[in-house]
Structure formats: C-alpha cells, structure tokens
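Each residue of the sequence shown is one higher than the one before, counting from 43 in our numbering.
Rather than coming from a laboratory, the hints here were simulated on the basis of the structure. Some hints here could point you the wrong way.
Subject to a maximum C-alpha distance of 27 Å in a straight line, what follows is the list of computed DSS-like cross-link-like pairs (lysine-lysine) [claimed, not checked]:
| hint | residue 1 | residue 2 |
| --- | --- | --- |
| 1 | 177 | 195 |
| 2 | 149 | 46 |
| 3 | 69 | 211 |
| 4 | 196 | 69 |
| 5 | 195 | 149 |
| 6 | 69 | 191 |
| 7 | 211 | 181 |
| 8 | 69 | 108 |
| 9 | 211 | 121 |
FRET-style restraints, in silico, Cβ to Cβ [said to hold, decoys possible]:
| hint | residue 1 | residue 2 | range |
| --- | --- | --- | --- |
| 10 | 70 | 123 | 32 to 38 Å |
| 11 | 117 | 72 | 31 to 37 Å |
| 12 | 90 | 199 | 32 to 38 Å |
Using N, Cα and C, we set each Cβ at its ideal position, and we do this for glycine too.
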Amino acid sequence: MTSKIQIVNATEAHLQGILDIFNYAVKETFAVWTEREDTMNDRRAWMHNLHANNYACIVALDIQNKVLGYGAYGPFRNKSGYDISVEHSVYVSPTAQGQGIGNVIMKELIQRAINDSRLERMIAAIDAGNPASIKLHEKFGFETQGLLKGVAKKWNEDRDLQLMIKDIKSRSN
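Put together the whole structure using the sequences plus the hints.
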C-alpha cells in the first residue's frame, strides 16, 4: 500500500480530509486531549499558521488523492529560546491504519526537520496509553525523556503524557 501513496504539502484541497481524521481522533481516541471537535476554520487557521512560519504540514494521498493521513510540526513553545525545537504530530485515517502510512509520514517529517537549518530537536507529546505511537517513535530513534502523570483528563480519565525527543542536529539520521 505505501508504494501507492504520495506525500505532498497540505493545501486547502486537503482540509476536509485532515479535519475528518482529526475529529475522529477527538471523538474516538485519547490521541487528542479535548472533547471539542475542530471546525473547518480551526483547521484552516492551524494549517495557514504552519505554512506562514515555514513549518511542515503534509498529507499522504492515495491514487485518487484521498487523504490517508497527515503530519505536521510547529513550535514546541512560543518563546524564542525554544526555536530550535518543534513538536510534531502524525495522524492516520482509521481506515488506513496498519498499512505503513504513519511510517512514511514520519520519515518525511523527520527529513524536512533535518533540512530545516533552524531545528535541532523534534518532540513528541504522546498519550502514555498509546503503544502504537510510542512504538512508531522508538522505531525512528525518539527517546523517552519524561513522563508527566495525570496532567490531563479526557472522558473523566486521568491521562499521562510521555515526552519523546529526537536529536536531529547530528544529521546522521
């Protein structure tokens, strides 16, 4: 399946697919710690902000140009001292999971971060109860550097945040 997908910069044409995948994660998973679904305007502003600041926002498309997944990175924190680090996300449509699409998106995000001279670190903030995401990040050389217990709630359940970091400065990835 992954040989038939294309990775491109996200555009307005991809927003509905991105919104559908994001809102599925809101409604059905602990991957996003909110119970409020995004609107099209929320996702549009998110994408435009990433593009305006030269951050990655990409989609994986099938041969019919259907969005199978997306990935992005942006500021880790909004203070200049953190400008060397980005926080990233990878989401795959529930109908396309288990087909290697997350791997393709992650590989492309890492390559774009390596090519971005501003950056030295990529940070993943993952629900600690998401073994698939943790395994994906370990596969690509991310290391756990923190576990913040009970820092959030979703559906009245305490959630733990696992922080994973990849040093991309060495460029030997």
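Hints, one by one, checked against the model:
no., hint, result
1, 177 with 195, "holds, 23 Å"
2, 149 with 46, "holds, 16 Å"
3, 69 with 211, "violated, 36 Å"
4, 196 with 69, "holds, 10 Å"
5, 195 with 149, "violated, 31 Å"
6, 69 with 191, "holds, 22 Å"
7, 211 with 181, "holds, 18 Å"
8, 69 with 108, "holds, 21 Å"
9, 211 with 121, "holds, 20 Å"
10, 70 with 123: 32 to 38 Å, "holds, 36 Å"
11, 117 with 72: 31 to 37 Å, "violated, 23 Å"
12, 90 with 199: 32 to 38 Å, "holds, 33 Å"
Checked against the numbered hints listed earlier, the structure breaks hints 3, 5, 11; every other hint is satisfied.
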